[in-house]
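Asks: Chains as they are written, first to last, in my numbering: chain R, 1 to 242; chain V, 1 to 242.
Bear in mind the hints are in silico, worked out from the structure with no lab data behind them.
No residue lacks a Cβ here, since even glycine has one placed at the ideal position from N, Cα and C.
Mixed in with the good hints, there may be bad ones.
[Claimed, not checked] In silico DMTMM-like links for lysine to aspartate or glutamate, alpha-carbon gap of 20 Å or less:
{"no.": "1", "chain 1": "V", "residue 1": "K36", "chain 2": "R", "residue 2": "E84"}
{"no.": "2", "chain 1": "R", "residue 1": "K178", "chain 2": "R", "residue 2": "E215"}
{"no.": "3", "chain 1": "R", "residue 1": "K225", "chain 2": "V", "residue 2": "E215"}
{"no.": "4", "chain 1": "R", "residue 1": "K145", "chain 2": "V", "residue 2": "D148"}
[As the list claims (entries may be wrong)] Residues from chain V that keep clear of chain R, each with C-beta distances beyond 12 Å, as calculated:
{"no.": "5", "residue": "G26"}
{"no.": "6", "residue": "M44"}
{"no.": "7", "residue": "H110"}
{"no.": "8", "residue": "L112"}
Protein chains: 2
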Amino acid sequence: MPLSKIYKLHISPDREYVKRMRILLGFVPGNLSLYKMAFRHKSMAVVLKNGTKSSNERLEFLGDAVLGSVIAEILFKLYPYKGEGFLTELRSKIVRRANLNQLGRKLGFHELIDFDSKTVNMTTKQSSLLGDAFEALIGAIYLDKGYDFTKSFITNRIIKPHIDIHTLEVTETNFKSKLIEWCQSQSKEITFEPTANAEGDSAKLFSIQVFIGGEAMASATDYSKKNAEKLAAEKTCDMLGI
Amino acid sequence: MPLSKIYKLHISPDREYVKRMRILLGFVPGNLSLYKMAFRHKSMAVVLKNGTKSSNERLEFLGDAVLGSVIAEILFKLYPYKGEGFLTELRSKIVRRANLNQLGRKLGFHELIDFDSKTVNMTTKQSSLLGDAFEALIGAIYLDKGYDFTKSFITNRIIKPHIDIHTLEVTETNFKSKLIEWCQSQSKEITFEPTANAEGDSAKLFSIQVFIGGEAMASATDYSKKNAEKLAAEKTCDMLGI
Chain R
1 MPLSKIYKLH ISPDREYVKR MRILLGFVPG NLSLYKMAFR HKSMAVVLKN GTKSSNERLE
61 FLGDAVLGSV IAEILFKLYP YKGEGFLTEL RSKIVRRANL NQLGRKLGFH ELIDFDSKTV
121 NMTTKQSSLL GDAFEALIGA IYLDKGYDFT KSFITNRIIK PHIDIHTLEV TETNFKSKLI
181 EWCQSQSKEI TFEPTANAEG DSAKLFSIQV FIGGEAMASA TDYSKKNAEK LAAEKTCDML
241 GI
Chain V
1 MPLSKIYKLH ISPDREYVKR MRILLGFVPG NLSLYKMAFR HKSMAVVLKN GTKSSNERLE
61 FLGDAVLGSV IAEILFKLYP YKGEGFLTEL RSKIVRRANL NQLGRKLGFH ELIDFDSKTV
121 NMTTKQSSLL GDAFEALIGA IYLDKGYDFT KSFITNRIIK PHIDIHTLEV TETNFKSKLI
181 EWCQSQSKEI TFEPTANAEG DSAKLFSIQV FIGGEAMASA TDYSKKNAEK LAAEKTCDML
241 GI
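Make a model of the complete structure from these sequences and hints.
Replies: Below you can see the structure in the form of structure tokens.
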């Protein structure tokens, strides 16, 4: 870094912010406004001159895509003899909302995210604000430093220290049990209903709709009823961030 | 390219293949085996020493992710004032299976894909083999040349000449009509069924399941019944590659 830039940082009000980011990320951020944007929840959106609101949602869209691509490559190379079904399932285990929320909390994002505490609740263990900010941060790093840099950030600062891929590979989360337990803890009734015609003789596929407290949640379709229930439960867990 | 490499290509049996690829791609491929793999349908899978089968399915997994990431960035930059909902929808319009199939046909993939014509039908206008091979090709280019190269390939050789983003932006495909027409042409009965409880008073969400000839197809859930039907129709169109 040129001396003039170091000097500017030392006299800038951003000095503390840069220091904090450097500790979090392991590198000195270039375009600070991107990182500030990544931690701005929509409840604190800034209104731009043309009237649109600016928060971390657009960066989240970009970061989600970049993260998906980087994880795809990591798994592609880590498992050279596994088929695409295996790779797809393992990737979705890694990037599950609940995992990204946990990761965000581990990284201390709850102290960094700029949100309106009057309207938003971040006290629940699994606030989706954390996972959203994580994806937005990946988007910010990508725009600031490029793809290869982001790939090594994800590999070395996220995957290696925080995610045990081989354990995830063999761990089969029972989403149906998880969801039922959650509903019990919330005193809510849960049912798994087959859809209207799916039980007829002609149907080869089973469709299952989850209802919690009478409210329709996710649905899923599969050739086995058990699998359709499992998939619908998983989608519902994702919707609820549990 | 060093002279020795040019010489090697000229005496190699791959000479014609390289020439063909150079015309298709606009660049000289490096690792030819990747490109050959991208055009190998699973009906012609090669059995590896360890017993696993090798076709373009793994490259398709990787290419799908890289394509999603590149398109995300293109839209992010093209529409600086649009929200993530708009960006997500527009991206899904661009990467719809039917679009990628058309693109594959335009690029002449039907003459390049190595498939078993006894078991696979590529005569239908929208064979999904084409879109699959397109995604696999993106995976091959990424592994051969890196992310930035792949990004400019997608931007300059795919998006600019073949995809009119602004038209897609304003075009609202009526998937329900499209699906109904297709069913009529196939003499198949189609119904849109609300799921078991979704019509109850307590349900805030509507869930719709599509059935074609009594067989359950895709389902979708939304706050409006019309939208749930539209989404379920779109998912079914994607499943059928229409």
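Asks: It remains to establish, for every hint, whether it holds in the given structure.
Replies: Here is how each hint holds up against the structure:
1. With a C-alpha separation of about 18 Å, the suggested pairing of V:K36 with R:E84 holds against the 20 Å cut-off.
2. Distance check on the hinted pair: R:K178 and R:E215 sit about 18 Å apart at the alpha-carbon level, within 20 Å; holds.
3. At most 20 Å may separate the alpha-carbon atoms for a hinted pair to count; R:K225 and V:E215 meet this at roughly 15 Å.
4. A threshold of 20 Å between alpha carbons decides the hint, and for R:K145 with V:D148 the separation of about 12 Å falls inside it, so the pair holds.
5. Its beta-carbon lying about 21 Å from the closest one in chain R, V:G26 satisfies the requirement of being farther than 12 Å from that chain.
6. At roughly 16 Å, the least C-beta separation between V:M44 and chain R is larger than 12 Å, which holds for a residue marked as non-interface.
7. The claim that V:H110 is not at the interface with chain R holds, since no C-beta of that chain comes within 12 Å of its own (minimum 22 Å).
8. The Cβ of V:L112 sits about 20 Å from the closest Cβ of chain R, beyond the 12 Å cut-off, so the non-interface label holds.
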